[in-house]
Structures are given as structure tokens and as C-alpha cells.
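J.: Spelled out from the first residue to the last, the chains are:
2 protein chains.
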Amino acid sequence: MATTKLSRNASIDELYTAARGGNRRALGRLLTLVERGGRDAETIGELANPDAGAAHIVGITGAPGAGKSTLTGRLVVHLAGAGRRPAVLAVDPSSPLTGGAILGDRIRMSDTTEDLTVAPEVGDRTFIRSMATRGHSGGLALAVPLAVRLFDAMGYDPVIIETVGVGQVEVDVVAAADTAVVVMTPGMGDAVQANKAGLLEVADVFVVNKADRPGANDVRRDLDLMLDLSHLTGQDTTDGGDGYRPPIVMCSALEGTGEADVWAAVEAHLISLDERGQRLRRRHHRIRTEVRARMSQALANRIDEAMDSDVGRELVAHVTDGALSPTGASAKLLDALLGPQLEPGLDPRSEPRS
Amino acid sequence: MATTKLSRNASIDELYTAARGGNRRALGRLLTLVERGGRDAETIGELANPDAGAAHIVGITGAPGAGKSTLTGRLVVHLAGAGRRPAVLAVDPSSPLTGGAILGDRIRMSDTTEDLTVAPEVGDRTFIRSMATRGHSGGLALAVPLAVRLFDAMGYDPVIIETVGVGQVEVDVVAAADTAVVVMTPGMGDAVQANKAGLLEVADVFVVNKADRPGANDVRRDLDLMLDLSHLTGQDTTDGGDGYRPPIVMCSALEGTGEADVWAAVEAHLISLDERGQRLRRRHHRIRTEVRARMSQALANRIDEAMDSDVGRELVAHVTDGALSPTGASAKLLDALLGPQLEPGLDPRSEPRS
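Just so you know, the protein sequences line up as chains A and B, in that order. Heads up, our numbering is the position in the first sequence plus 120, with the first residue counted as 1. Heads up, our numbering is the position in the second sequence plus 120, with the first residue counted as 1.
Since the hints were made in silico from the structure, they are not lab data. Computed from a predicted model, the values in this text were never measured in an experiment. Don't take each hint at face value.
Rough simulated footprint, nothing fancy, chain B against chain A, three-plus residues with beta-carbon under 8 Å [stated by the list, open to error]:
#1 292-304
#2 395-409
On the chain B side, residues computed to face chain A include the following (Cβ under 8 Å) [claimed, not checked]:
#3 N143
#4 H198
#5 G442
#6 A443
#7 L453
Backbone N, C-alpha and C define an ideal beta-carbon position, used for all residues, glycine too.
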């Protein structure tokens with residue numbers, strides 16, 4: 121697989137150097153390789169690692185239809201106009217049945233090396249990339265950190281991850297950012313749903329979008345109440361529980377009002393992170409999440425190998441014949457993979473093993 | 121944890137024997153232990169394994185609001201009236217943001233040992249249990265096969281798994297059944313979404329519910345077209361591509377019309393499975409799915425152990441300091457866990473290791 125990639129007219133090293141020099145097409149090709157995963161993606165991550173670390177990483181999530189894409193677009197124009205170089209990684213949801221609806225409002229870039237630019241005057245200062253997850257959230261958990269690191273290494277700042285908080289993986293992605301923005305809208309019971317989804321614990325900034333609509337103040341009130349409650353119960357763990365309270369910013373991305381307030385709140389949170397000595401803690405959490413995801417992927421491949429091995433086929437056949445239980449087959453395969461030491465809670469065999 | 125369970129007035133063995141003897145409360149308590157997972161759940165699975173294997177396992181899925189619960193209820197009454205002993209395992213979706221809406225139309229049974237009965241005259245022949253996944257789909261993948269096996273061992277037949285096909289895990293659960301029923305409704309573009317979700321490849325029987333509504337025949341036509349296409353392109357892999365074409369049954373669960381036709385199609389599919397020698401193939405696929413899920417869970421626990429070990433903390437600290445990349449840290453931790461042999465595609469180190 122590596123060879124096919126490298127047999128293109130430019131090597132990964134050459135692509136990386138060109139991208140660092142401002143070649144947007146080279147960056148687009150690197151992002152495509154990152155999205156495809158495998159060895160090339162890891163190589164790119166290794167190249168980018170020393171050059172990365174400066175960018176403010178912002179996660180934006182919310183339910184479908186909350187207007188995240190519109191808000192993100194407004195923020196990008198606002199930031200580029202202010203001399204910043206924002207990059208956006210727009211993550212398509214991994215949930216298949218909801219995928220269709222959300223893909224509709226975005227150009228899917230999964231198989232092209234071109235980038236999706238906004239207004240011409242800011243296009244050269246920004247890079248907006250949509251990343252498809254093709255249903256397997258594992259790929260998302262692996263590719264997003266590499267893509268963010270690549271943007272970071274290219275000098276883009278902030279790097280905005282936009283995703284739909286329909287799944288735990290998406291929530292985790294946003295939770296691993298420096299600043300997590302949760303977008304709500306009136307009339308969807310979003311505040312209650314966000315509470316269910318655990319977004320209250322994740323959010324550093326709440327945005328009530330479509331604030332011109334009736335019910336916007338109700339959403340704000342509901343959020344305030346739940347934040348009071350979560351502070352009383354000490355649920356807010358993302359900031360170490362040292363008293364930072366997520367602000368609630370009203371805006372109307374469609375009308376183009378409020379995005380400056382949103383960004384001001386995002387910047388204020390980063391300053392607060394530094395003041396509270398929490399920024400390193402966030403980075404540490406982000407790295408733990410990524411390392412865990414990479415280990416999970418590697419072990420998932422090991423499981424597939426074990427299942428397809430002769431031993432695996434034989435054990436599954438024994439279960440099919442009723443001679444063995446699925447739990448027993450799993451335990452035996454794990455022994456073959458890891459050696460015979462399982463956690464007690466997962467080892468179905470009551471008698472100790474020699 | 122095992123001790124807390126066993127310190128109840130009845131041991132798992134006693135509960136199992138009582139449940140086999142028809143004690144519904146004992147079965148409810150066993151199902152609660154299965155849902156909680158861990159060693160007790162595995163023990164129950166080991167007990168049930170020799171007694172199970174006879175039941176017709178039916179998966180019913182579809183988008184939220186498709187009327188699955190109503191249809192399932194109709195089927196249960198129909199089956200119990202015909203002298204069968206149907207059991208239903210209703211799986212709450214794992215996707216947090218959609219969870220609230222769907223939980224609304226069902227009594228959540230996660231923390232009670234009582235069972236949800238339907239009409240009194242059939243209640244003693246049926247067992248309907250709702251299983252909450254509490255957000256972690258891993259728990260679902262582990263608990264559902266055990267609960268199904270337990271119902272099977274208790275002599276319930278068919279065992280119906282009802283779930284919302286919003287996530288890959290839910291789709292996998294249904295795909296692992298003997299007969300997979302996909303419920304559609306008019307006016308939701310369900311046929312197209314089902315295609316996106318890969319349900320066309322999974323479905324053995326299509327049900328167009330709310331068939332009295334306008335557009336029901338459009339859904340049927342769309343499905344027919346896509347089935348023609350999938351047969352032309354040989355996409356239908358669930359039955360080994362030997363020409364079984366999923367029927368499309370119109371019904372109105374709310375009106376109570378068509379459930380008999382739905383069940384007739386489900387039975388016809390099982391007969392077709394036997395005729396084509398495919399039933400064992402389904403069972404084999406179901407077992408592979410379960411064994412893989414159990415291995416994944418065990419290895420996920422191993423990853424957490426490794427991350428929380430001194431080595432894990434040290435490596436993450438090195439990455440935070442920039443001395444090491446996340447990929448490198450993951451590789452080193454995997455070496456510690458599995459010994460130094462990673463797949464080439466996931467080993468970031470270019471130089472060979474001694």
C-alpha cells in the first residue's frame with residue numbers, strides 16, 4: 121500500500137516540504153493520505169509532530185441542523201479578516217442512518233485532493249477540509265488527530281474541528297480539543313439532549329444559534345439551570361472543577377450576527393485555561409485519547425488476524441457445533457494472542473489455570 | 121463485584137434453575153446481571169449455552185418512529201395466540217443524542233428485575249425486556265448475545281431483538297439474527313437511507329409500516345428498484361448470493377393489520393434458510409460476531425490497564441513534552457502488551473528492530 125502512494129510523482133517527504141512551503145495542493149494530498157490511514161498516515165504524523173503544538177484547537181459540535189457549518193464559516197471569515205490563519209476539519213458523522221441528512225449540507229471531499237475554499241479574499245488564509253468517516257468510527261478517531269497535527273504543523277491557527285455530536289466518538293473528539301463549543305438551537309430540546317449526551321461536562325462555550333427564533337431564551341435559561349445544577353453537584357470535570365463556568369453566547373450565524381462574540385468567548389476560555397494551568401492538562405488528555413485510539417486500532421487488526429487464523433476458525437467451528445461457548449472461544453483466542461492472563465472479571469473459567 | 125451479586129439470597133445457579141422452572145422473576149434478575157456485564161454475565165452465558173440453540177432469532181430494526189415497538193407488540197400477541205412463546209429484547213440505541221427521543225416510547229427496564237408484559241392472556245407466554253446500553257455500544261455487543269442465549273435456553277421461541285438501526289453496532293446485531301426485518305415508513309426517504317446504512321444487504325424481510333399512509337407504495341417501489349439493482353450488482357451477500365430476494369410486506373401495526381403477513385414472511389425466510397443450507401452459515405456468522413466482540417472488550421480493558429500503568433503514564437508524559445509522538449507511544453505500549461511484533465502498516469518505525 122505504501123508503494124502505491126509513494127509511486128506518485130512526489131514522495132511524502134516532498135509533499136510535506138511543499139505543503140510547509142505553502143503548496144495547498146500538496147497539503148490536500150497529505151490530508152487524503154491521512155484520511156486513508158495506514159502507514160502513510162502514520163509517516164505524515166511523525167513528520168508533523170515536531171512542527172506542531174502551537175495551534176489553538178477548537179472543537180465545535182451540536183445536533184444536526186444546529187447550524188454548525190454556517191457558524192464555522194462565519195468564524196473563518198471573521199478570523200481570516202483579523203489576520204489569523206484558521207483551518208477547519210469538518211468531520212462527517214459515522215452513524216450511517218443519520219449520515220445522509222448531514223452530508224447533504226456539505227461537499228464531501230473524501231476522495232479529492234482539492235480543498236473547499238470560502239470567499240476568495242480569505243481563501244488563501246484558510247483551509248477547510250471535510251473528512252468522511254465511511255461508517256467506521258475507528259478511522260475517525262485515528263485520522264482526526266493526525267489531520268489536526270498536520271494543520272498545526274503548517275502554521276494554521278486556530279484549527280477548528282467541526283463534528284456532529286451524535287456519537288460518543290464525535291463527543292470524544294470535541295472533548296479532546298483545547299476549547300469545546302457546543303451549538304444549540306431553540307425548539308429542539310437541545311439543552312436536555314445535550315445533558316443526556318454528556319455535552320454539559322464537555323462544553324467550554326455554549327452557543328445558542330438562531331437566537332432570533334422564539335424559544336432562544338428558553339434554551340439559555342435551561343442551560344443556565346443545568347449549569348447551576350452541574351456546579352452544585354460538581355459534575356463539571358473538564359476543567360478540573362476549579363470553578364470555570366461555560367458562558368452562553370447568543371448568535372445567529374445565518375444573519376451573520378454574534379460570531380465575534382462567539383470567538384471572543386473561545387479566546388477568553390483559552391486565556392482562562394492558561395491562567396488556571398489547565399492547557400497542558402487538556403493536551404495531556406488529548407494525547408491519552410489518541411494513544412488509546414491507536415492502540416485500539418492495532419489490537420482490532422490483531423483480533424481480525426486471530427479470528428481468521430486456523431485456530432480462530434477451528435474455535436468458531438467448535439462453538440457452532442455446541443462443543444464450546446463463545447466466551448470460552450474468546451478466552452482461548454485471547455490466550456493465544458496475549459498469553460494466559462485474563463482479567464478475572466472476563467475470565468469465564470472458574471478453576472485456576474496452571 | 122461478583123460477591124455483591126452472589127450475596128443476594130439466591131445464587132446464579134439457583135436463579136438459573138428457578139428460571140428454567142418458569143420463575144419469571146428469576147429470569148428478570150438473570151437478565152439484569154447479563155445487562156450489567158462482567159463475570160456474572162459470563163457465568164450465566166456458560167450456564168445457558170448447553171440449553172440454547174433451538175430458537176428462531178429475529179432482528180427487527182428501522183429508523184426512529186418507524187413503528188417497530190408497535191409492530192413487535194402485534195407480532196408477540198399474534199405468536200402467543202398461535203401457541204408460541206415469543207421473547208423480545210428491546211435494545212435502546214447507544215447514540216447519546218438520539219437516545220432521549222427513542223427512550224420516550226418505551227418503559228426503561230434497565231434497573232428493575234420486573235418484566236414488561238403485554239395483554240394478560242398472553243403475558244404468561246411472553247417475556248419482553250428492554251435493555252439500556254448506557255451509551256457504550258461495547259456493552260450492547262456483549263450483553264445482547266448473552267440475553268438472547270438466555271431466552272433461547274429458557275425455551276422462548278422466537279427470540280426477537282428489536283433495535284434502532286442508527287448505529288453500526290445496532291445494524292450488526294440485527295445482521296447476526298437468523299432473520300433480519302427492516303421496517304420502513306412512507307415519507308421519510310427511508311428506502312434511500314436504508315441503502316446508505318447498508319440495510320439493503322442485511323434485510324431478509326422488508327416491512328412497509330403505516331401502509332395506510334400516502335407514499336407507502338412509493339417506498340415499496342423504491343425498495344423494489346434498489347433490490348433489482350442490488351441483485352444485478354450482486355450486492356446481496358447475506359444469503360450467499362444464491363438468489364433469495366427479500367419480500368416487501370405492507371402492514372399497519374397501529375391498525376393491527378398485516379402482522380400475520382409479516383410473520384408469514386419471517387417464517388418463509390427461515391424455511392428458505394434451511395432449504396438453502398444457510399441457517400448454519402448465519403449461526404456461524406453470529407458466533408464470529410460475538411467472539412470478536414468479547415475479544416475486543418477484553419483487549420479494551422487491557423488497553424486501559426496499559427494506559428494507567430507506570431509505563432503508560434511515562435510515555436504519555438513524553439508525548440506531552442514533545443519528546444515522543446502519539447504513534448510512537450502507542451507502538452511502545454503495544455510492544456509491552458503484545459511483544460514486539462506490530463503489523464507493518466501500523467508500525468511507524470522505519471528501521472528494523474533488533
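J.: Indicate, hint by hint, whether the structure satisfies it.
T.: Consistency of the hints with the structure:
Check result for the stretch 292-304 of chain A against chain B: violated, 0 residues qualifying (beta carbon to beta carbon below 8 Å, three or more required). By the rule of at least three residues with a Cβ nearer than 8 Å to a Cβ of chain B, the coverage given for the stretch 395-409 of chain A holds, with 5 such residues. Violation of the interface hint for N143/B is found here, the shortest Cβ-Cβ separation to chain A being roughly 23 Å, above the 8 Å cut-off. The restraint placing H198/B at the interface with chain A is violated, with a minimum CB-CB distance near 27 Å, outside the 8 Å limit.
For G442/B, the interface hint holds, since its Cβ comes within 8 Å of a Cβ in chain A; the closest pair sits about 6 Å apart. Taking 8 Å as the C-beta contact cut-off toward chain A, the hint placing A443/B at the interface is violated, the least distance being around 10 Å. Given hint, L453/B at the interface with chain A, holds; its Cβ is 6 Å from that chain's nearest Cβ, closer than 8 Å.
Hints 1, 3, 4 and 6, counting from the list given before, are not met by this structure.
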